[in-house]
Amino acid sequence: VTWVSQNIPQILNDLWIHLVLALIPVVIGLVISIPLGWVAARWRIARGVLIALAVILYTIPSIVLLVVMPALIGTQILDPLNLVIALTIYTVALLVPAIADALTAVPTQVTAAATALGYKPAGRFFGVDLPLSIPVLTAGLRVATVSNISLVSVGALVGIGGLGDLMTEGFQRYNTAEVVTAIVIIVVLALIFDTALWLTGRALAPWNRARITGATA
Amino acid sequence: VSIIDWFTNPININGNPGLQPSLWELLWQHVWYSLVAVAIGAVIAVPIGAWIGHSGKGGLAVAGIANALRGLPELGLLTLFVILLNSIGALPVFPALIILAIPPLLANTYAGVANVDKAVVDASRGVGMRERGVLLGVELPIAMPLIFGGLRTALLQVIATTAIAAYVGAGSLGYYIFSGLSVRNYTEMLAGAILIAALALIVLGLMTVVQRFVVSPGLRPATRRRRVALTRPPAANTAAGVETAGGNP
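As they're listed, the protein sequences go chains R and W.
The working numbering numbers the first residue of the first sequence as 1 and each following residue consecutively.
The working numbering numbers the first residue of the second sequence as 1001 and each following residue consecutively.
Chain W on its own, in the form it takes in the complex (with noise of 0.2 Å):
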């Protein structure tokens, strides 16, 4: 019940000048976090991924950058920041949290490029396209799926992570978590968890929409087939290679 009362009290709803941000604000620094970070993962790791997977070399450097990312805590990286760049706000959210969205996009990108059939991308080249045209016509297409999924996974992650953001006073629905845990106002914390839980899932519902859009439904039918026919016998590597993206040395 008390729940309840906290989301219908039109105070933790519309805010309270000078002492607690409206929720639709808090909302929208969340949001506007983290898209902002994961276009900017995106436009740094994708071109990158797919050229190493294009060339083919560099892909245990991937691999292992990715690896190392991934295990770079997030507090720290935001608290570090905080300090460097000795800024309390948005400033030091963005590069903390655009180096949580690299290493899925860079990793998926890669493995999506480097594992285009390759007699695909030789009748490619063989019909006169140049090596740009292989790459943004014929293997971006095919990899699509799997860059979506990377872009998937890097969204929710910096979505649930964008919350410690407050933790800096930068603010996002992260708030209400601080905010209520200084103050022991455990209905207040409650309420921001399920705020940023319920943003996740519509995000995640979203991003699976999208998706049916973005690939090329040429593929959709084929990759379905092939992907019986093929992963059967070497499973264990094709999991492998996607459930890490890039974690096999």
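Just chain R, with the same shape it has in the complex (with noise of 0.2 Å):
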């Protein structure tokens, strides 16, 4: 405890780095799943192709992509760039099978009916099909997430900064206190942020709500 409040200023720029470094790569994973979805929901070759890429995209080790990506694109070992676009990797592998599936999901009827009622096929997708799969975006930006909060710490491991440095910091020292500092301030924040989204999610797609508890009553 002693070692927490006497390196508040370490801990809280480390913890602005991680959370830069661990979002980021959500929120642009994000945006470019939704169209690759889209694209997988739409042409069955498309589907399968994109989907094999992503299983194996995300069989590949963080700390692989991690040295490889200088190789790649041409950046610097150290660049933090390197890890932003690792992690944005993950992020994409893991979006894109749930959006083609949450979207080929989407009821025929209800597609019908949109159509029926005056929806041109790109407010159809915005207007219907997207909404219509919150619950399972929300479901895989929780993993995305909490699994990119965690992964962020190898970053360390390259020189890239972040909570990883207290674990790596803590262990050339033998520091007990800096490496469960790091771990715990981890944590909370992936709870924090699961939390935000499932509350989010829920607000966005309510009538999702009955379902789910009936789930798991």
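Simulated from the structure, these hints should not be mistaken for lab results.
Note that CB positions come from ideal geometry on N, CA and C, so glycine has one too.
Watch out, some of these pointers could steer you wrong.
Said to hold, decoys possible - Pair ranges (Cβ atoms, derived):
id : chain 1 : residue 1 : chain 2 : residue 2 : range
1  : R       : I8        : W       : R1212     : 24 to 32 Å
2  : W       : G1218     : R       : L12       : 35 to 43 Å
3  : R       : P9        : W       : L1060     : 53 to 61 Å
4  : R       : G159      : W       : R1130     : 53 to 61 Å
What the hints assert, rightly or not - Derived list of chain R stretches under chain W, where covered just means 3 residues or more per stretch with a C-beta under 8 Å from a C-beta of chain W:
id : region
5  : 29-40
6  : 114-124
7  : 156-163
8  : 168-179
Now that you have both chains on their own, put them together as the hints suggest.
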């Protein structure tokens, strides 16, 4: 505890870097995943290709992506961009199959009814199909956010900042308090964002509430 | 070209006594750590998940625990165990990896058993099966595809993470990444990355083959048909349930 009180500025600084590095990929990943999910839901072949690709990308260990990234995009090994892109890839690999499933699952009657009401294809996608897939989308986003928050710490191994720095430094100094602080902050952050996303999902898709409570009861 | 040179250099494959372990030794360490961790994780998580799924009590706790464990940063756990156990080497690697293996196994086993059709469970009781028999003979086999999915996720995540064992001096294929990083030998890091990714993909392929044999053949066409019929309307629910595997409160 003394260690924490003596190092608040460093902790806050690492915390801020950590959050930025974890959350930017979620936002970029979401923006990329929606059109890709739409493509996958629309064409059978695209679906097969994209989902196979997603499985393979998700299999690649994060430390591997971090190390390979400079060779692929010509960045420096210490560039935080490597981490952001690596985590974005994971987010996309996680979200695209989920969005594709959710869009395919929109009942034909619903799309037919929307078309009959005069929705143009684009309007129908944003006004009907996408909102209906919000529960799946938030579920995917929650997994992506929690794992990103935890994965950013790996960046410390290749010299990218964040709370992982407290772990490597604590390890070198055999400082239990420092390592525990980093772990606790990361778990708490993960829980906060998980809960926030869950609440947002509930607020955006109120019709799903009854079903979820019904399912767990 | 340089990466090919690395792989064709006999020192990198056979090692250099006292300076660099052989590739086979590191590969073996990597596989050994991963398999043992997932096996112990399965021994802990599958019975608990199965029992909770069977009794129907504590589902919320499973979701919460699985989610909280998922948020734990591996690097932090590993360094913490090194300090707590006061030992460099393989010993602290196992608890860190076991904790990583538990959430997908626990959540998927629970979801698999809890989602078995209640009519099937009642029918098994109706023909005189005891609770033990219902769980072991009916629910677990039916849940096998999901349990296997959990096993695959656990194994892949553990293989990916085992690389950080090298950070605390416990070897594994991650050795090349950290050894290369310390002397800015980019080729060596890349070689390590390629080896780990290849191992992960080979294991993914093997698991897909093994799954065909483990999952009861009677389930295959039936689940496929049922999936088409059932997932359509409540897709949001099933997809969320499997994907977050208990992340749903």
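Coverage claim, chain W over the region 29-40 of chain R, checked by counting residues with Cβ within 8 Å (three needed):
Not satisfied, violated; 0 residues make the cut.
Are three or more residues of the region 168-179 of chain R within 8 Å, CB to CB, of chain W?
holds (count 7)
Count the residues of the region 156-163 of chain R whose Cβ falls closer than 8 Å to any Cβ of chain W, and tell me whether that reaches three.
holds (count 4)
Taking the beta carbons of I8 of chain R and R1212 of chain W, is their distance inside 24 to 32 Å?
Because 55 Å falls outside the window, the suggested range is violated.
For G1218 of chain W and L12 of chain R, compare the CB-CB distance with the range 35 to 43 Å and indicate the outcome.
58 Å, violated
Please test the hint of 53 to 61 Å on the beta carbon pair from G159 of chain R and R1130 of chain W.
59 Å, holds
Has the region 114-124 of chain R got at least three residues whose CB is nearer than 8 Å to a CB belonging to chain W?
violated (count 0)
May I ask you to test the hint 53 to 61 Å on the CB atoms belonging to P9 of chain R and L1060 of chain W?
39 Å, violated
Checked against the numbered hints given earlier, this structure breaks hints 1, 2, 3, 5 and 6; the rest are met.
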